[in-house]
Every structure is written in structure tokens, then in C-alpha cells.
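If you read the protein sequences in the order shown, they are chains A and B.
Position 151 of the first sequence, counted from 1, bears residue number 151 in our numbering, the numbering being contiguous throughout.
Position 435 of the second sequence, counted from 1, bears residue number 1435 in our numbering, the numbering being contiguous throughout.
Don't read these hints as lab results, they were simulated from the structure.
By construction, the Cβ of each residue, glycine as well, lies at the ideal position given by its N, Cα and C atoms.
One or more of the hints may lead you astray.
Going by beta-carbon spacing under 10 Å, a handful of chain A positions derived as facing chain B [what the hints assert, rightly or not]:
{"#": "1", "residue": "V72"}
{"#": "2", "residue": "I247"}
{"#": "3", "residue": "S322"}
{"#": "4", "residue": "D324"}
Only pairs whose alpha carbons sit at most 35 Å apart, straight line, appear in this in silico DSBU-like list of lysine-lysine [claimed, not checked]:
{"#": "5", "chain 1": "A", "residue 1": "K61", "chain 2": "B", "residue 2": "K1836"}
{"#": "6", "chain 1": "B", "residue 1": "K1836", "chain 2": "B", "residue 2": "K1491"}
{"#": "7", "chain 1": "A", "residue 1": "K361", "chain 2": "A", "residue 2": "K286"}
{"#": "8", "chain 1": "B", "residue 1": "K1481", "chain 2": "B", "residue 2": "K1491"}
{"#": "9", "chain 1": "B", "residue 1": "K1653", "chain 2": "A", "residue 2": "K61"}
{"#": "10", "chain 1": "A", "residue 1": "K286", "chain 2": "A", "residue 2": "K219"}
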Amino acid sequence: MSPLPKEEPLIGPGESLERIDATISRVPFFHPAPRFWWINFAVGFVLVMLLMVGVSWLFIKGVGIWGINIPVAWSWAITNFVWWIGIGHAGTFISAILLLLHQNWRTSINRMTEAMTLFAVACAAMFPLLHLGRPQYFYWLIPYPDTMRLWPQWRSPLVWDVFAVSTYGLVSLIFWYIGLLPDLAALRDRAATLPKRRTYGILALGWRGDQRHWRHYEKVYLMLAGLATPLVVSVHSVVSMDFAVGILPGWHSTIFPPYFVAGAIFSGFAMVLTLVVPIRAVYGLKHYITDRHLELMCYVLMATGWVVTYGYFSEYFTAWMSGDRFERYMAMNRIAGPYGVYFWLVLFCNVVVPQTLWWRKLRRAGWYLFFASLLVNLGMWLERFVIVAVSLHRDFVPSAWGMYYPTRWDWAILVGSLGLFLSLMFLFLRFLPAISMTEMKRMFATGEQTR
Amino acid sequence: MKRLPEFAPGADTWPEELSRRQFLELAGGTLALAGLAGCNRQPEKFIVPYVDPPPRELTGGPVFYATAMPWEGYGRGLLARANSGRPTKLEGNPSHPDSLGATDAVTQAGVLSLYDPDRSQAPRRGGEPSNWETFQDEWLARHRELDARGGEGFALLTEPTTSPALLRAIGRLLQRFPRAKWYQHTALFRYDQAGLQEDYDFARADVILGIDADFLLQHPAALRYARAFAGRRRLEKGRADSNRLYMLEATPTISGSMADHRLAVSPRRQRELLAALAAALNHQPLPGDLSAEESRVLRALAADLDASRGRALCIAGPQCDEDIRRWAQALNGRLGAGGATVHFLPAVRSDGDGRAAGGLADLRAALERHEVDLLVVAGSNPVYTAPADLEFAAAIPLARRQIHVGPYVDETAALCEWHLPESHFLEAWGDLRAFDGTVSIVQPLIAPLYQTRSALEYLDFLAYPPGQSGYDLVRATWQEKGGSAAGFEGKWEQWLQAGVMAGTANPPRPGPAARGPLPDLDAAGPESGLSVVLRPDPTVSDGRWSNCPWLQELPKPLSHLVWDNAAFVAPALAAREGWLDGDVLALDAGHGAVEASVRTLPGQAPDCIAVHLGYGRTAAGSVGNGHGFDAYRLRLRDRPWENGAVRIQRLGKQYGLVSTQRHFEMEGREIVKVEEVARVNRGDLPPPAPPHDSLYPPVAYNAHKWGMLIDLASCIGCQACVAACQAENNIPVVGRDQCAREREMHWIRVDTYYEGDAAHPRILHQPVPCQQCENAPCELVCPVAATVHSSEGLNDMVYNRCVGTRFCSNNCPYKVRRFNFLNFQFAEGSPYYLQKNPEVTVRSRGVMEKCTYCVQRIDDGRIAAERENRPLRDGEIRTACQQVCPAEAIVFGDLNDPAARVRARKAEPTHYGLLDDLNTRPRTTYLARLLNPAPEA
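From just these sequences and the hints, can you work out the full model?
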């Protein structure tokens, strides 16, 4: 690996404090490149409508509209859940862990990735509810004082999930919003019309840039970063226990928590790349999200990619080493069974594709990274499908083996959730500063951009 | 499930001449009725409040009545359960010789057919709804004409029956109309020859040779045979006095699956092998064209038969050619089987009745000669079930008038002038004989649901209008037979209570003297290519059960096919012809091609294709129509069970068949353990493994500790337990499409595995209900505690609490949990609801369900014991699957009771728990399948 190019600054040449504010706030105020925005938002919106139809039909008919069955009682809904939650990991990782590690390059992308986290968690949180046979009783998983004195069954990882995901969602929201406050105030001050001033003003919660404000802000932000850091590790660890606690070959594995966390950051960074590359080009933000940023993200992608690869290796090594007939069959079935093609696709997307990033040229080629990150996203989705469904379809008793085929409703809800994510993301781009103006200015002012 | 028709039959027909006045009348009436419908539906008659109810009705508990159900005309004794006056479940009558307390799967479905919404509910004339009065008026006029001509031109077609009352009614009809003709038709088997029926004694037979004989399922005495046969396979106190079964069969049956040596050979090849066996028995060399496997088996068989004179038995199936059956008889004679393992009983069914004028072919001939003026078809569906070359549908209009009596407006009814709806056996009086002649009175549990009468009543009405009630007719029959009227009431009550008439069993008769040499068997007919063998369907039979959703969805033994029939081909044949599962073949025997989907079946003979009758129906009802293909198109009058002249052509089409099991290999896993009898008897088995350790302290089960044992050595794989469980536990039917999506709901399944060579595989069965694990993986992962452990060790399912995460099913290594993916219950207002067991919750969409060990029966037993202030007796509580099992393969009881049979059974050396290594500690455990191969083979 080449040494970190320290000389290359994190902010492009010719910038000033005023210019930073103006460039970033231009997007919410003046709606540049409207065609790009409208097309993306429209696609997202249509897909949200598809999601609505899918969910309505789901509530009318029941989960039987999907392709799930006995033995494959979990499939796409859970795959989607794990995938979205994974994507949601990059934001907090960037905001909290990199903040604590004083990685200044996080400044240009933390806002967007935090928003991405929120929206991904929103998409993810939808699935555990939708997949219930009787979704109207979802609240039975929450401990509340009810007249029958019934509590959730605490040994079940699904109950841990409720806490893990809701905590994560809440902390991410607060973290994102607190970080937004100085920028909202800046927007309020720059807004041209009264309604905009009022709206941003209300959202800014009376921020006046007082020194006391700043002191509190810094403290809260750091504390939240400290709080969010363990969550990055815990959420996907808990999610992985949905599987690891089960006795099913292919699920019952102690490597799952670190393997899932690494996979989550891996897929999260891939999604960041997918979003950042076109946005920085369209909105002229290349001075703030530089090629060096892309390169740094590629490093994270490669590192986590290797952890994921180790996870794959370890799974098959353990299956072989254990000598357990069921584990061995599961491993062989993944490789050469009816869903074998997905296994090989996973290897291609998650193991082979990141290796191309050893070339510096490719690390800095936006168009390449866009497609490579899409492949990684696909690979990670398939990896979850292989873990969830392919383990289930052939377990212990061969007479009960079966197959899973998705229905159009499975597709509708997966594609619909992508639409929801896209719509929310573009609404965010339209109305809020996609890059933290405050932090960019501070970095510029303190000259930290060259570190 | 399907929706009920919104309008009653005929309601959608526009009256022919509708005047303005009439229209206003109707419109006004509709308005008034619409207003009335808003009120409660009160009965029309004066009603009396329930002030002094009879005590047992007050509790709402179940009441059992002894009755009997027709099985191809023979009686199967039943104890029918009624809840609040609704028949809800049929159990076997322990004192009935052909039930012994068990039933088969078809009998279980008998109760559902009572509530079939497609049953015919009113007489029809020319296809239009009519009423009984119109028919009565018309008949009285016709009756006078007939009377004047002595019944000239009157032809009656029935199925052969054992019912003395029905035979008396037919006799009286023939008396009244001396020139009338009576014909009989069945598409199924005849179980008598020359006025004698062979009855086998499996308890005494050490060596059994079956030739295409499915004596464990397709026989009037199959339940008795299954009991006796399984008794000879059972391990008791570490020893098994096992019989040895050799089977030559064209297509696998459950009887063949129990064989120790089984050869999958076509009927033609069977002849050659039997000739070779004759040679071996005469100590001549075997012909050279036998395969290694065949000569090995035949040599062992010949040696075994020779060594077991007086204890050997040869059974030729009723579909075998006449000469093969004679050959088998001669072999039995030579083996000294007569009087030892084979008894000869007088025929009880009317197939050979001297008063009958013949069969369907004779009727067809009479129709062609225009000798039939009035054709009465009672209880048979010849238009569907006639052999194709008879073209019976074309002959029906040759009669000037036709009357059809049947429970459905079926294919035959559609061609008849009049259709008269027939009562269900649970609605009408009658009587039936068992295979050995034992008489049961068929007593109704419920008044007819619709305007129906029994065939008995119709026949009496036709001869002697206005006719007597079925009750009077049955009593009159037995008053005549019983002699003195004195004491009749007492006897009658006794018969009704016991369900059998004591002392009516026929004593065995001396058999035909068959001492001579084995007759030579001709080489089979001219055909040399692929032949098609036809068999009754194991669930819907000849098509009479087509409209029963339980039986359509009951996995057919061995293939696990549901909702369809198929062209079963051997894997070798499929490989040779390049056929894949689901490829559609056109089968053409010259009477209209049928399109059959290919299904490879290990153990199928390679030189024939097997097809099952009973499908491809067009007028069965909304459940049965349009499934499968009509195999009767391939059936010829002369050789109804095999057709060697069928043109087979692969069409480019695909039709995916649905089976509830998709993988039939064990993949080297110890799912069904197999032991050899000799090894077990030598005491050569390894000691049972000590229980696995656990970090958790052991749970004390102080009161009861329920457990189940399933003996795979006895289980014959008949699927009766699946049907009984469905009936008992309100298990929904999901339909073909949902079965294709692997969402069938049966709480117990009977798995089939084929081991070894696909040409002659070892066929293994394994019933798998919930294993009620002590360390249940499902309980751990449920987030809302909807599946929890009871203090008696049951793994309880709390439907109300279930939110439907399905994690429990994912974590169940046995995959015995079933999920209501959609709303699988019958349409609201369906009469099927009347069958529901009130003791069992009807589950809604989105909840998980599974076997409960019939917890409602456990509670019933506990309550009964508490009321009588005594401990529960072993065997008092029986699960539905245990009660129905003809092979007594399932034992249930309290593991804390030192005298419990289940405990003794679990101490047998072949005992094992399924997937024991997972340390789930299942309460349902198994005894290994026992095989008893010949030592030389």
C-alpha cells in the first residue's frame, strides 16, 4: 500500500470560508441541477408507491403472498432487514469512530452518511414488522406493563433486536440532528425568504452561535460520539445473534458477530460511495469531497472486505474441521447446491471486486467506484440471502427439504424499500446541507485540511 | 378455500315467462324477505326450550355411536363421535373384525363428506332443480305401467353390496317386477372366486409371498391384516418373531414397502419369475435370463417356502390374471396353507348373486338391444368408471328414461332424466357385513341435512310406493332373519350399542382341493413394449372420494403426490427415454388420449408405467374437478388392470406435479435406523448411548411426563395417522397451489425414504409428529413466549400469543411446525365448519401451529379420572394418530408410570431418538425399522 498522501489537501484549492457556505447552501436554496434531482426523486417516489401497494396487499392477505414456506420461513424480508441495517453502519462509524480517532477526512462526508444511516435504519426497521404473521401485535415484543403480566421472552434474540435497533435509530437521529443545529442556523441567516427563515429558524432551536452554545454543543457531540461508538459494534452483533443463537447449520456459528459487523461497515461504505460519487459530481462538491476522500474510503472497503473474506473462510474451515455431517453438507450445498450460483456471485462481489482497489487509478476513478460499490452492495445482499435462506432450505431432516422462490411481492417490497431510501435521500439533499458547513469551515480555519 | 356459490342451485335461472305482474310479485317478495333476513332465523315449527336436557347433552361433551361405513360395499365398523349432535370424527369400532379399533385414511374422511357443500341437495329433472313431489307423482303413473308389464324394460344398476337390507330390497323389487333386470358394476376389485373368499392368517404365516398384493391397504380386511402383519414385525422384550415378506409387484404399494425382499417387475415379468420359482421349488435349475438379484431372491424364496410348509402363504392380488390366482392357490395347496394360513369364507358381497343379470357389459348389450325402457342407476357412476371400450355414456340415452340415485350430480347424473339425491351413511339407516360376514347396523347420527333419502329407501319406493322408511326396512330385514318377534327390541338395542351382531361371522369352509402340481403359466400376451398398469388411487380410490379435500391433500403413500395422479415410471425407464419429472406424456389406448405428467418413482417396474384411477373428473364437484387425468380412458373391459397397447408419446409440455416431500434420500444421515432381525435376536446391538450432559439442572416432571413411541418396524406407511390428525385437530386444507409452495398443514407427516439401488430400493417410512423436545429449540427463540414448556413436558403452542415470527420453525430441526401463511380456513358459512372439533382452536392467519399430542384428549382423560377420583390408567388417553393406527405402531403414555406400555416399549434395544446428537431430548422416539432378509439371500 502506498503511504498516505499527506500533501494532498482535504479541501480543494481556492476555497474561502464564505465560498464554503455559499457552495454548500446553494443546493437547498437554489436547487441546482433540477433534472437530476427530479428524475431521481420521481423514481424513488414511484417505488415508494409500489412499496405502499406491496405493504397494503401484505396486510390484506398475509405473509403468504411472499415465497416463504416451511422450511424456508425466513427469506427476503429478513435478508433486507440485515442488509439495510448493515448499510446503516457506515454513517455512525464515520461520524463517531472516526471522530474519536481524529480522522479529519470524515468531515466532508459525515453529514450525508449520517442521513444515509437514518434512512437505512428506517428501511431496515420496517422489515421485522412486515414479516410478522400478525403485525398488529408487534408491540408484544416490547416490555410494557400489561394486564396479563406477560413479558417478552428474553432469551430470544428477536427481543434483543428490538432494543438494539431502536437504540441505534434513536442515537443516530439525535447525533445527526445535533450536528445539524449550527448549519440550520446558518441557513436561517442566509435564507432569502421569510418562510424559509422561519422554518430553518424553528429547526435551529434558537442557535445563535453563542460561546456557551458552542461549548455545550462540543460536549454533547463528543458524548454522543462516545455513546454511538459501542452501538456500531453492538447492533450488528445482536442482529447476527438472530442466526448464531439458532441451532441450524450455517447459522450456529460464533464468528458471526465480528463477521457481521465487518460486513456491515463494508456494505455501508459501499453505499456511501454509491451516493457520494454522483452527488459530488452533479452538485459541484468535488472541492469538498475530493479524490483523496474516495481513496480513503476505498481503504476502509478493502480492510473490511478482508475481514468478511476471513469470515467466509472461517465458516467453511469450521464446517470441514468440525467433521459434523450437517455442517459439511451445508457448506457443500452452499457451494454446489441449487443456490450455488449466488455463493459464487458473493465471492466475486465481496472478495474479488475489492481487490481491484489495490490500483491507485481505480481508487480515484469515480465512475469505477460507483459500479464497484454497486457490486459490493449486491454481493452483501446476496451474502445475507445465502445465510438466511440457503441455510434453511436444507437442514437436518432431508424429507423436509424445500426450495424458495421469490414472488412478485417479494420484489415489490425490496425494490420499494430502495425507493423509500432514494426518496428520503433526495429530500434530504434538497432541503438540508449535505455537507457540514460548520465543520468544513472549522477545518478550513484551523488548517486541518492538510492533515 | 374456495367460496361457496352465492346462489342456491337454480336460483340463477330466469323464469321462462315473466310477466310484469309476476315481476312485481317477485320484487315485492324479495323486498319482504330481505327485511325478514335481518331478523334471527327461527325454525318454522313450534320450538320447546331446553328445560330438562338429558345429562350428557348438557355437558356438551362428545357422544359416541356405533355405526358402520361402506368400504367398496363391505362394512367397516365405526364409533362415530358427535358433538352437540354434529358428527365430528370417526373412530374404529374395536369389536368390529375389520376395524379392531383402527381405520384407514379414507374412513377418516367419511365424516367430512357429510358436510360437502357440493352434495346434491334436491332432486333434479333434466338437469333442472325439481322436488320430491314431482318425482313421486311422475313415478306413481309410471309404476302402474310397469306393474302391468311385470317390470318389463326395468333395469337396475347397483354396486355390489353386502347389505342384507339392500339385497332384500332388491329382491323385493325383482319380486314386484319379475321381468326387471338387475346389473352390478364396480370399477374396483372382486375379492371372491367361485363363491369363496380367501382370508389370510398373518399371525401364523412365517413366510409370505405377495404377487401384486396390496393386502395392507386395498382389501376389505386390510386393517385386520395390518394389525396381524405388524404384530409379526414387532420387537417385544428384545426379540422379534418376525415373518418374512417377499413381494413381486409392478408398482410400489405400502405392502411392498414392508417386504424384506421386493422385486419390481411388471405383470408379464411376474409370470416368468413365478415359472422360475416353480422350477426352483421342483429343484430344477433356474432359467438363465434372470438377473442376479432375481435369482438370489427366488432361490431364497424357494428355500424359505420349502422350509415353512403349513406356515407359508402366497397371496395373489385381486388384479392378477385368473391363471396367476389359480397358480397361487395351487402353491398354497402345495404349501399346506389351506386351513393354516389361508381360510376360505363364503362370499359376502353380492358380486356372484344369482339373481343378478350380469355386469355393465351385459347392461350395455341390453341397452343396445333396446330392451331397457327405464334405467335406474343406484350408487354407481358408470359414465365415469366404465372401461373406455364400453363407451357407456353413449349407451345411456338408449334407455327411454333414466333415474340416477347418488350423493352427487356426477357424470352419470348429467345424462339421466332424473337425479335423486342420496343420503350420506351418517344420515341413513342401513346394514353392512364385514369381510367375514359379521353384520353391523348402520345407524344415522344426524337427520338428513338436505332433502335426501338412502338408496335403500329409494329402491323400496320404486317397487312399493309410497315406500317405507329406512329404519323400518332395516328392522323388517332383521325381524325376518331373526325369526321370533319376541326379544327383538332387546337384541336390536344390543346391536346398535355394540355396532356388531354377535355370532354373524361366517365359519370357514373347506377350500378348493388344490393338491396338484403348479399349473403352467402362459407367457404373457402378445405385447412386448411398455404396458400401462392401472390401480385404484390410494386416496380417492376409483374417484368416489374425488371431492374430498382431505383425501386430495393427503400425500399418497410412497410418492407423496397430492391433488393429482401421474404416470409413474421407473428411474431407469425415465433415463432411457429421456423423460424428466413433469414432462407430459400423451397416453392413447384408442379411446381418446390422456395427458399424464411423468413422475419417477424408485421401485417402479422398469417395463411398465403405473397410473391411478380416480382423477380427471368433470362432475365430481368444485374440489375434485379438473385434477389429474382420466385413466379410465386407458382401461379395457377384458383386462382392466393392465393395458399393453397404449401409444405413448412425449408432448413438449410440462405440468409440475406437487408432492409434499421432495427429497427421498437420507444423505447418509441416521434418520430411519434399520436393524436386521437376526442381529437383534442375537442381542448384538450396542448398548444405548448415555444421555448428553447439560449445563442446566434437570427439570423434574413430578405429575405426568407424556411420551410417545413410534415403532418403525410396525408402521406400514398408510397415512391414516395424517388423516386422523387432520380430522381431530381442525387442520385446514390449503389446496394444490399452496402445497406447491410447501405450505401443507399436516401436523404429522409420514416420510418415505428410498435407500440403495433405485431399481429395487429399500423403502422406509417414518411418521414425524412434533418430537416434544425437553430441550426444545423452538421455545428458546420465540420472542413472545408463545411456545412454552408445560409441567408435564409438553411443548405447548399458545396461538393467542403468537405474533408469527416463524423463528421457532426455523430453529426446529425436525421441521414439524406449520404456519398459517394465509387464511387457510374454509369460507365463512361453509357446512364444513360443522365437522370442526369444538375442543380444538381453529387457528387464524399468521400463527404457528403443530402437533400437541392431542392435548385436548389428555385433558379429557385427566378430567374423567379426577371426577372418578382415581389415577389415570395407562392407555386411557390415546392420541388421534395412535387410535387410528391399524399397525399399533404408535404408543403414547405417561413416562412416570412404571407400568406404562410406552415405557416398556422405549426400553427395547432398537430405541433411538431422532437427531439425538442435537441434545433436544425428544419425547417422541422411535424403534428402528426391522428387516428380516433371508439368510441365504
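Here is what the structure says about each hint:
no.	hint	result
1	V72	holds (8 Å)
2	I247	holds (5 Å)
3	S322	violated (12 Å)
4	D324	holds (9 Å)
5	A/K61 - B/K1836	holds (24 Å)
6	B/K1836 - B/K1491	holds (34 Å)
7	A/K361 - A/K286	holds (17 Å)
8	B/K1481 - B/K1491	holds (12 Å)
9	B/K1653 - A/K61	holds (32 Å)
10	A/K286 - A/K219	holds (31 Å)
Hint 3 from the list above is the single one not met by this structure.
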